[in-house]
Amino acid sequence: MSEKFQILYTTMKSKRIVTVAIIYLLLLVPVIYVLAQKYTVETVPNVRLRDASAYITDPNKLLDDDEYFELNSLLGALRDSLNIETAVVVLPSIEMDEYGSAREFANKLFNRWGLGDNELNNGLLILLITNEGEREIVFETGKGTEQVLTDGISKLIQTNEMVPWLKDGEYGKGLIAGVKEISKVIEGTSGLEEPAPKKRNYWPVIIYLVAGLIIIVAIDASRKSKVASSESPYKAAVNYDSLKGAGCVAAILFLPQFIIYFIYKEIAKETGKPAIDCEKCREKGTVKVTGEPVVKQQAIPGQDGMKEYKFVCSKCGFTHHELIPYAYVKPNTTSSSSSGTTVRSDSSSGGSWGGGSSGGGGASTRF
Amino acid sequence: MSKRIVIWFFTFLALLLLVTYLWSSYNKMVKREEKVKKAWAEVENQYQRRADLIPNLVETAKGYAAHEQSTFEQVIEARSKATQVNLKADDLTNTEAIRQFEQVQGEVTQGLSRLMAVVEAYPDLKANDNYIMLQGQLEGTENRILLKRSEFNERVNEYNAYIRRFPKNVVAGIFGFKKINYFETHKGDDKAPKI
Chain L
33 MSEKFQILYT TMKSKRIVTV AIIYLLLLVP VIYVLAQKYT VETVPNVRLR
83 DASAYITDPN KLLDDDEYFE LNSLLGALRD SLNIETAVVV LPSIEMDEYG
133 SAREFANKLF NRWGLGDNEL NNGLLILLIT NEGEREIVFE TGKGTEQVLT
183 DGISKLIQTN EMVPWLKDGE YGKGLIAGVK EISKVIEGTS GLEEPAPKKR
233 NYWPVIIYLV AGLIIIVAID ASRKSKVASS ESPYKAAVNY DSLKGAGCVA
283 AILFLPQFII YFIYKEIAKE TGKPAIDCEK CREKGTVKVT GEPVVKQQAI
333 PGQDGMKEYK FVCSKCGFTH HELIPYAYVK PNTTSSSSSG TTVRSDSSSG
383 GSWGGGSSGG GGASTRF
Chain E
-4 MSKRIVIWFF TFLALLLLVT YLWSSYNKMV KREEKVKKAW AEVENQYQRR
46 ADLIPNLVET AKGYAAHEQS TFEQVIEARS KATQVNLKAD DLTNTEAIRQ
96 FEQVQGEVTQ GLSRLMAVVE AYPDLKANDN YIMLQGQLEG TENRILLKRS
146 EFNERVNEYN AYIRRFPKNV VAGIFGFKKI NYFETHKGDD KAPKI
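One line per chain: the protein sequences are L and E, in this order.
Converting from the first sequence to our numbering requires adding 32 to each position, the first position being numbered 1.
Heads up: the second sequence at position 152 corresponds to 147 in our numbering, and the numbers run straight through without jumps.
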């Protein structure tokens, strides 16, 4: 009887032990599971959903309580005073097979949670992975945040401020140091500056191009002003085509600009070259001067003389006669016939005639 | 007489429907194509940014690791080659052009990985702030390239699915909408180089 009881008792006892052991084991399972867990974007608990003042997701309690609270208050300040909404996520491990890199994981998590304001995009995700062989600190910035906290500066903060701590397993201290530096950067008191991509110096080329173009345009304008101020548009237009002196040098020196300008002029010919159209057949720009001008009235000091020029249309052979005044030239002095007084713009150089418009017809009046 | 009117009416109605259908299909195709082009422009931007960073990086590295001249030259050469190959949005249907673009950019990636590997031997360079920042910029760019590429592929997917389904494929054929190629992500190539 007592023996039986004894057996019963021991079996009961061992049963209880087993039961207790099983209960303990059952309790341990989640712990073991969590320790071994590789997180995916979906399985990271979003701490914000539970507590609006919590910024840190640390499901495996890898941070000390003190550090947790200090960090959390720093992040609160970052949001309140500097308007950067930060989430810190500390995980032992992530499912690397599913994500190419921790960056990709961070990017997906960032977008899943939707950190930051919809328009300002002022979110920042700080992801820390702590397991041996996977250890990594990642900043993922929103489009707004990256304007201040650039890739380069992020990297610098990580390397200089955080990694020395993190290496020793001081996760809390490392994160705190990093967040402090981030605050400084956003305040503008950090002194860190992003090296800008090196720009090539294009200034000499630009100066050459612009200066050349100005010179060419200026020379052309002065030639045109000669035409415009000239007594006879006929004569001027005929002389216009030849490049002489400074113009020739400039054209060679600034060949590219000259070509561009030339092409431009060709395109805008109507307003550009003062072409003389034939009076009779209306062909454009076919009139050429022929023969030597005949002096009709001798120039004397104080009064201009008159020469008669003949202009022939190359298409129909129509000859236009025109009396053009010429200045008295003292013997042995060089003539300075055209001192352009009025500089006109392209559009007003239409001293042509025969086109039906008002300008040209009166060209032959003065002699 | 009235029978003829009815026939005409229905013919007209059918034509009107057809035209409306063509019109709206065409517009939708254009819209999707534009999205693809926009996504492509963003991919190209990132490649351009990467190319812009390289001279600075090499110059900084040179100061510390003068022995690695050949590595630097390789990167610079790959870069200059890559900047000469532009893939315009209109060339996206051209498999050969895409392949060429991939190849030259791949060479830049390889050159950079080599450079980063070489730099490991120079602790002073690795601790240089300027270098660290450039490295961060470069990594960031590589990361963006990946993101933009996958976004591009998504847009291409939408576009291709739209123009290849019957009867839209007939409409696409009429208006000359062609299938756009994906950006192939080779194994291992799809990860940012570990720098």
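Hints are computed from structural coordinates only; laboratory data are not their basis.
None of the values given here were measured: they were computed from a predicted structure.
Cβ coordinates follow ideal geometry from the N, Cα and C atoms, glycine included.
Treat the hints with care, since some could be wrong.
Taking beta-carbon pairs under 7 Å as the criterion, some of the chain L residues facing chain E (in silico) [claimed, not checked]:
id: 1; residue: Ala134
id: 2; residue: Arg135
id: 3; residue: Lys187
id: 4; residue: Leu188
id: 5; residue: Thr191
id: 6; residue: Glu193
Stretches of chain E that chain L covers, calculated by requiring three or more beta carbons in the stretch to come under 8 Å of a beta carbon on chain L [claimed, not checked]:
id: 7; segment: 119 to 128
id: 8; segment: 136 to 147
Evaluation of the provided hints:
no.	hint	in the structure
1	Ala134	violated, 10 Å
2	Arg135	holds, 5 Å
3	Lys187	holds, 2 Å
4	Leu188	holds, 5 Å
5	Thr191	holds, 5 Å
6	Glu193	violated, 11 Å
7	119 to 128	holds (count 4)
8	136 to 147	holds (count 4)
Of the numbered hints stated above, those contradicted by the structure are hints 1, 6, listed in ascending order.
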